[in-house]
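A.B. asks: Each chain, letter by letter, is given below.
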Amino acid sequence: QQPVQSPQAVILREGEDAVINCSSSKALYSVHWYRQKHGEAPVFLMILLKGGEQKGHDKISASFNEKKQQSSLYLTASQLSYSGTYFCGTAQAYNQGGKLIFGQGTELSVKP
Amino acid sequence: DTAVSQTPKYLVTQMGNDKSIKCEQNLGHDTMYWYKQDSKKFLKIMFSYNNKELIINETVPNRFSPKSPDKAHLNLHINSLELGDSAVYFCASSQVSSGSSDTQYFGPGTRLTVL
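For the protein sequence lines, the chains are G and L, in the order given.
The opening position of the first sequence corresponds to residue 1 in my numbering, with each subsequent residue numbered one higher.
The opening position of the second sequence corresponds to residue 1 in my numbering, with each subsequent residue numbered one higher.
Calculated directly from the structure, the hints in this document are not laboratory data.
Using N, Cα and C, we set each Cβ at its ideal position, and we do this for glycine too.
Hints are not guaranteed to be accurate.
In silico lysine-lysine, DSSO-like type, Cα no more than 27 Å apart, as pairs [stated by the list, open to error]:
1. K37(G) with K67(G)
2. K59(G) with K9(L)
3. K41(L) with K26(G)
4. K37(G) with K111(G)
5. K37(G) with K44(L)
6. K44(L) with K9(L)
7. K67(G) with K44(L)
8. K40(L) with K26(G)
9. K36(L) with K26(G)
10. K71(L) with K111(G)
11. K44(L) with K55(G)
Not everything, but these chain L residues come out facing chain G in the computed CB check (under 10 Å) [stated by the list, open to error]:
12. Y35
13. S39
14. N79
15. L83
16. S100
17. P108
A short list of chain G residues far from chain L (calculated; beta carbon distances all over 10 Å) [said to hold, decoys possible]:
18. I11
19. R13
20. L80
21. K99
Use the sequences and the hints to build the structure in full.
C.D. replies: Set out below in structure tokens:
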């Protein structure tokens, strides 16, 4: 079942913060976050596996709620390079051969 | 020293033709995937192979046939191309067979346009 991302699109000024949510109606095994710039491949950001987990590097972090049905991606003090489409990819179980079901994407534009 | 590479990058062809896309990874990974991304950017898994064995086959028309000659290569052959096949096709790879807790690395994509 496809996860739902919100918002669909967001426009920021440099230095502003944003939150992107990824929700599922069922508990998930893992959530994978990717960023894709126009005309390029999706680039891996991070994986969350445990309920209540929080991860981050630089100014991008993510959380996975206790019920493992929602993940949020936090972008703080946004930079122009953060522009792109963000996808969450979800796995329902450990042993599904790597099958990820992706959300519809959130388009993020950072303006000077 | 590209990790996951695909050829060609662009493919323009007529309806009814047969075409192939090639993928190679030099990461030493065991599992490779094909994804299709449509014009609305919806990214959907098509197939995965683990060490040359088909693991995932997601209700894809049988005009699409993946082939893995070895674990570093996964090709996609498409017969009788249709307009609806126009999309960007991404190859990806991950280290272990489950992939559910493992990073998938994507290739640069092949933009297929069927006229």
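A.B. asks: Would you mind marking each hint as holding or not holding in the structure?
C.D. replies: The hints, checked one at a time:
Proximity of K37(G) to K67(G) is assessed by CA-CA distance (about 31 Å); at most 27 Å being required, the pair is judged violated. Taking the CA atoms of K59(G) and K9(L), the gap is about 33 Å. The hint is violated against a cut of 27 Å. With a CA separation close to 24 Å, the supplied pair K41(L) and K26(G) stays within the 27 Å bound. Note on K37(G) and K111(G): the hinted pairing holds, with a Cα-Cα distance of about 15 Å set against a maximum of 27 Å.
For the proposed pair K37(G) and K44(L), the alpha carbon gap of about 17 Å is at most 27 Å, so the pair holds. Distance hint between K44(L) and K9(L) is fulfilled; the C-alpha atoms sit about 19 Å from each other, no more than 27 Å. About 25 Å separates the Cα atoms of K67(G) and K44(L), which keeps this hinted pair within 27 Å; it holds. Proposed proximity of K40(L) and K26(G) is supported: the alpha carbons are some 25 Å apart, at most 27 Å.
This hinted pair checks out: K36(L) and K26(G) have alpha carbons roughly 24 Å apart, not beyond 27 Å. Distance check on the hinted pair: K71(L) and K111(G) sit about 43 Å apart at the alpha-carbon level, beyond 27 Å; violated. Under the criterion of a C-alpha separation no larger than 27 Å, the hint pairing K44(L) with K55(G) is consistent with the structure, at around 26 Å. The restraint placing Y35(L) at the interface with chain G holds, with a minimum CB-CB distance near 8 Å, inside the 10 Å limit.
Given hint, S39(L) at the interface with chain G, is violated; its Cβ is 12 Å from that chain's nearest Cβ, farther than 10 Å. The interface hint given for N79(L) is violated, since its Cβ lies 25 Å from the closest Cβ of chain G, which is over the 10 Å cut-off. Interface hint at L83(L): violated, since its Cβ lies 22 Å from the closest Cβ of chain G, which is beyond the 10 Å cut-off. At a threshold of 10 Å, the smallest CB-CB gap from S100(L) to chain G is about 4 Å, leaving the interface hint in force.
Here the hint on P108(L) is kept, as its CB sits about 5 Å from the closest CB of chain G, short of 10 Å. With a least CB separation of 17 Å from chain L, I11(G) remains clear of the 10 Å interface cut-off, as annotated. Every CB of chain L is more than 10 Å from the CB of R13(G) (nearest about 24 Å), matching its label as outside the interface. With 10 Å as the threshold on Cβ separation, the claim that L80(G) sits away from chain L holds: the shortest Cβ distance comes to roughly 21 Å.
A beta-carbon of chain L comes within 10 Å of the beta-carbon of K99(G); the shortest separation is about 5 Å.
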